[in-house]
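> Going line by line, the protein sequences match chains S, Y, H and D. Its first residue numbered 1272, the first sequence is counted upward by one per residue in this note's numbering. Its first residue numbered 1272, the second sequence is counted upward by one per residue in this note's numbering. Its first residue numbered 1272, the third sequence is counted upward by one per residue in this note's numbering. Its first residue numbered 1272, the fourth sequence is counted upward by one per residue in this note's numbering.
The reader is advised that the hints may include incorrect statements.
Identical copies look the same in the list; a pair holds intra-copy or inter-copy alike.
The list that follows gives simulated cross-link-like pairs (lysine to any residue, SDA-like), each with its CA atoms no further than 25 Å apart [claimed, not checked]:
| hint | residue 1 | residue 2 |
| --- | --- | --- |
| 1 | 1320 | 1583 |
| 2 | 1621 | 1304 |
| 3 | 1621 | 1387 |
| 4 | 1420 | 1357 |
| 5 | 1420 | 1586 |
| 6 | 1574 | 1308 |
| 7 | 1590 | 1439 |
| 8 | 1470 | 1526 |
| 9 | 1621 | 1306 |
| 10 | 1590 | 1455 |
| 11 | 1470 | 1455 |
Hints in this document: simulated from the structure, not taken from any laboratory. These numbers come from a predicted model, not from an experiment.
Number of protein chains: 4
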Amino acid sequence: MAGNSIGTIFKLTTFGESHGEALGGIIDGCPSNVLLDFDAIQFEMQRRKPGQSSIVTQRKEEDEVQFLSGVFEGKTTGTPIGFIIPNTNQKSEDYSHIKDTYRPSHADYVYEKKYGIRDYRGGGRSSARETASRVVAGAIAKQIIPTIKINAFVSSVGEIFIDKPYQDLDFSKIESNAVRCPDLATAEKMEAYIREIKKQGDSVGGTITCVIQNVPIGLGEPVFDKLHAELGKAMLSINAVHGFEYGSGFCGAKMKGSEHNDSYNEDGTTKSNLSGGIQGGISNGMDIYFRVAFKPVATLLQKQDVLTNQNEIIVQQGKGRHDPCVVPRAVPIVEAMAALVIADYYLLNKTYQTQ
Amino acid sequence: MAGNSIGTIFKLTTFGESHGEALGGIIDGCPSNVLLDFDAIQFEMQRRKPGQSSIVTQRKEEDEVQFLSGVFEGKTTGTPIGFIIPNTNQKSEDYSHIKDTYRPSHADYVYEKKYGIRDYRGGGRSSARETASRVVAGAIAKQIIPTIKINAFVSSVGEIFIDKPYQDLDFSKIESNAVRCPDLATAEKMEAYIREIKKQGDSVGGTITCVIQNVPIGLGEPVFDKLHAELGKAMLSINAVHGFEYGSGFCGAKMKGSEHNDSYNEDGTTKSNLSGGIQGGISNGMDIYFRVAFKPVATLLQKQDVLTNQNEIIVQQGKGRHDPCVVPRAVPIVEAMAALVIADYYLLNKTYQTQ
Amino acid sequence: MAGNSIGTIFKLTTFGESHGEALGGIIDGCPSNVLLDFDAIQFEMQRRKPGQSSIVTQRKEEDEVQFLSGVFEGKTTGTPIGFIIPNTNQKSEDYSHIKDTYRPSHADYVYEKKYGIRDYRGGGRSSARETASRVVAGAIAKQIIPTIKINAFVSSVGEIFIDKPYQDLDFSKIESNAVRCPDLATAEKMEAYIREIKKQGDSVGGTITCVIQNVPIGLGEPVFDKLHAELGKAMLSINAVHGFEYGSGFCGAKMKGSEHNDSYNEDGTTKSNLSGGIQGGISNGMDIYFRVAFKPVATLLQKQDVLTNQNEIIVQQGKGRHDPCVVPRAVPIVEAMAALVIADYYLLNKTYQTQ
Amino acid sequence: MAGNSIGTIFKLTTFGESHGEALGGIIDGCPSNVLLDFDAIQFEMQRRKPGQSSIVTQRKEEDEVQFLSGVFEGKTTGTPIGFIIPNTNQKSEDYSHIKDTYRPSHADYVYEKKYGIRDYRGGGRSSARETASRVVAGAIAKQIIPTIKINAFVSSVGEIFIDKPYQDLDFSKIESNAVRCPDLATAEKMEAYIREIKKQGDSVGGTITCVIQNVPIGLGEPVFDKLHAELGKAMLSINAVHGFEYGSGFCGAKMKGSEHNDSYNEDGTTKSNLSGGIQGGISNGMDIYFRVAFKPVATLLQKQDVLTNQNEIIVQQGKGRHDPCVVPRAVPIVEAMAALVIADYYLLNKTYQTQ
């Protein structure tokens, strides 16, 4: 109800503010008897972690997950998996200056108005730090559907973009550079641009493309819970996301049906895939691919006008350690959200079988 | 679970195939004692109805709603509102040719694979006829939130688009033309283009822009159920939708933070509104606006390769009466889905108050 | 949310007032490709129907179910099953006298206070007529779990009760008499007593016992959704039910652990079954059995004090055609609710399997 | 889905096994800006805690709650309240003997069969230690509805019972004795009996009565989620509960309607209250009262036959520190569950208002 859960069968509920004692969550409905790969979970946490390269925020967050339940002798037991990620290194003093002010394009103001109270330390619940819990759950979800391959990567930063179809990219190069762009020439340009932006104390937006391969036919529910609708919601729930398109996306809106239809091969695969692997909300076995737009983060290391809770406008100098461009660190988050949606539908699909 | 419901407090569940006896739904959680305007409901049905102009499908659907419960002496009673829309004029014979074949970019194939059975008559459950039930519920939802104004309109057809910001448009012109485009010069071009496409037996995509005004501050739930995430899911659940963006959208991904941030006025409004009326998933009182991309409909009045259930490719001539461009009739559906989401969050928001 | 749905995977939502145009519901999540036995559904409707014998109400309700969707060529398609039961023979005039009054121990008063409006005709939504929709859905649920046997029967009427364990009863005798009591000597006494009560214009309570056999091990979810908790809720949701006990029930509260524990046999079955086939909320393969207490129905054909909406007490003569004892007709409802719960958990259980 | 959540608006999800690192939970949907009384929370924890008197188990559990989120400067913020209760003093060695055996009337066997794996230490997830999380959440729920008074007490132990109506009892005496029975003469007998049972290494069942006073009219949802149905489910979800009755309960099933109906006073209150404060599933403002039956706990300090995972029956001596009678410690749990249900419906009720 209150928006802190995702999924129906494989269900994640998260809690935690950026400067509270800990973040965490509960995964309910994870199948039992799954031998968990904890290194794989920690690997995803490292990918999301601040401070991993010079182009991302230098905040230090240890991001060590502690599993409190639902796992016994390394295996899931079918009972809820409770976990916490302690907030070990949060500097509360960095945020005292925003106690009585609302920063532009932050959630400060609306939280105060909605709830009548606000944990002003570092964004509180609206901080992207919350996504750490999503990455934990997503890393477990991936292990429920090991044959399905999920690869996300940075496809644009500002005006710089990869001008190739994803089929021409080598996904094994994604982790080879700080931007997480598999096209290395483009990656270099992006990295240089982000350094420039950082010097200016500014920020810049970007897009992430995600490709899901080896999906069984039949995942997704028709009508309101179409597979792409649920993927879209999951992506739009990530901080700073302003757009989602799958398959032909917004380009498809300019096309004619005779250009857009995907003709079948005799085995049920299709010659083209403008449908993006989904027909009528249900996977058709072709690659699912989609693109997610992130706006530039609102926190700048510049002077900006802010609103006070006394309804005055004052000038404030932004400070702290923030990402000049959020997309490199958002790549594992996009993958995690995709894994949560796909694993959930994978499990739900079993209920259609009477035998 | 099975994807036929939307909403949490104001909850709609729909049923019905395009060629069954009737479509319909249940609205559960509608506030009591609301005097319903039935003409307003029927007006929305007329807007969605096929055959209303020469540029949409000439199929006749009466689309008369019958309310079976939940309304007494013209007022809602707080009990579930059950309604049906009989399928009075469905020509089953039109569809017999697709019994054993799967049309390209339709849901025929995936339904067959997912369920092991398929109502092949006219798309069955995957037909856009299902959206008639959404329009009924959306028209009621609008009456729950009468002070909030929701206006959707066609903003592009193929390559033709309105090149003005929505603030320069007169929403009272939306219903003045068959395309539902408030910019009349553009509307004329769109209409001419759709006629051309129709002559070719082809179809074309388009986009719809929706603007929601006079929204109270505080609607939306943080984290997974952000207001724009739920709006995005609702829009992506409409047949043929391939993309959703709100506020600055995909353009925002190219911008710098210093350009993108919306500075406050002293009263809490903002000078610009690239945030699209939503901060951290919660409405901030500014206009909410978003754009929805529709692919061209897959049914063409041309010869196309189709797959048979014997795994052969054969050529089939498309027939029947279909929309060359779906966006004019999708305008009331976009509004209905927006109304469902906003009304739901409006009611949910009451639960945060202890007094 | 608003209480008109039951189930998670196999989910029923109902609508309809006793004197509206129709009752009905939507079953969402029914497995596909199940060949439905429509005679079996109608048979259950006949069992619930008023007027079937001289000891039940002589109201005539045709109770003919019309399926509007989700079934194609006799089989379920996996899409929602919408159905209606028209209210063909409701005499509205019978109820005009209660428009401005609240009958004792009816829901009139609380509906008016909760919703600010009330469909006063015949109890409206609070009428037991709503259970017709449950019987439809329960009859379909039974067909999802055909190997599981559900038998309910009347175990007491007033002070008259069967003084044998259920193992000594022949369930094939349940339908042999108007009371639905398989112990024929007791059945006769019950029937005579109900006739006597009817003559007095009074009503009497009773209990129904339900036995579920051949249940697979493992149904039920631990903690909040224990199998017996869900069964209990389902039974308590039936009109007039005031109590639920399973296995040893209230008697078990008087026992010692050394008497109560069920020793195992080597095959995992147990020598005794005071646990009622459920351990820790999960079925253990033994018979599940429980008992449901129904209070006497509140409508009497006697003079009674009633409250007016002007806060006066006046004397009113009860009239109409009502059941002197509700339990005989409640037997199929108890079975239907049990079937809904068991089928739902049966389907949910599939999601624990990763392969 | 997987049964670890309760509530819709005020929603609790719990995790944790008896011998894992910690138990805990997330409360989602708690209204914001509520100043929490932490002493009141800890007081409820003390009431549930083992080792508080000589007639309950002598296990030591510190049961100190740590709040990790959702509370800021002592007030709720409207974001999810995450909390943990570390398992500080669990003696794993006590349970090694049950690794390969299934104890009679425990959940060992069904967990193993359902999940294919089992955390055998001390009952794992099926341990009543899980209820500690419920007491935390219930104590917060009580603070949402401060004017509603919830009092539970032990009404019987074995064959010993209070033979007075609850109106003749002084609830302030409940905490005055180890049994939590407000009738002191009966309390003494109960205590003596429990000591006797304890000496025998046996256990005994009992009942708890709960009275909820000062309830606003209109709480509860009709049809499937009737107030008493939800209360019943909540109670039946407590470990060892085998029965639930409210108002006249099972006695009501023996009565005639003319005896059972509650006549109105002119102010809408009723002269009698056999309805138990609920009509048609909705509170009517009178006292809500119900009774809960607990079977004797299955763990005995005696020799018992157990089943091995090699399908052999062996004799095992029960050991450890267990409650001879669970009802004294279950009193705060019953109150907590009642508070969760009432608070949830209290909040949900706000959504019916359009203004």
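> Where does the structure disagree with the numbered hints, that is, which hint numbers, in rising order?
Those not satisfied are hints 1, 4, 5, 6, 7, 10.
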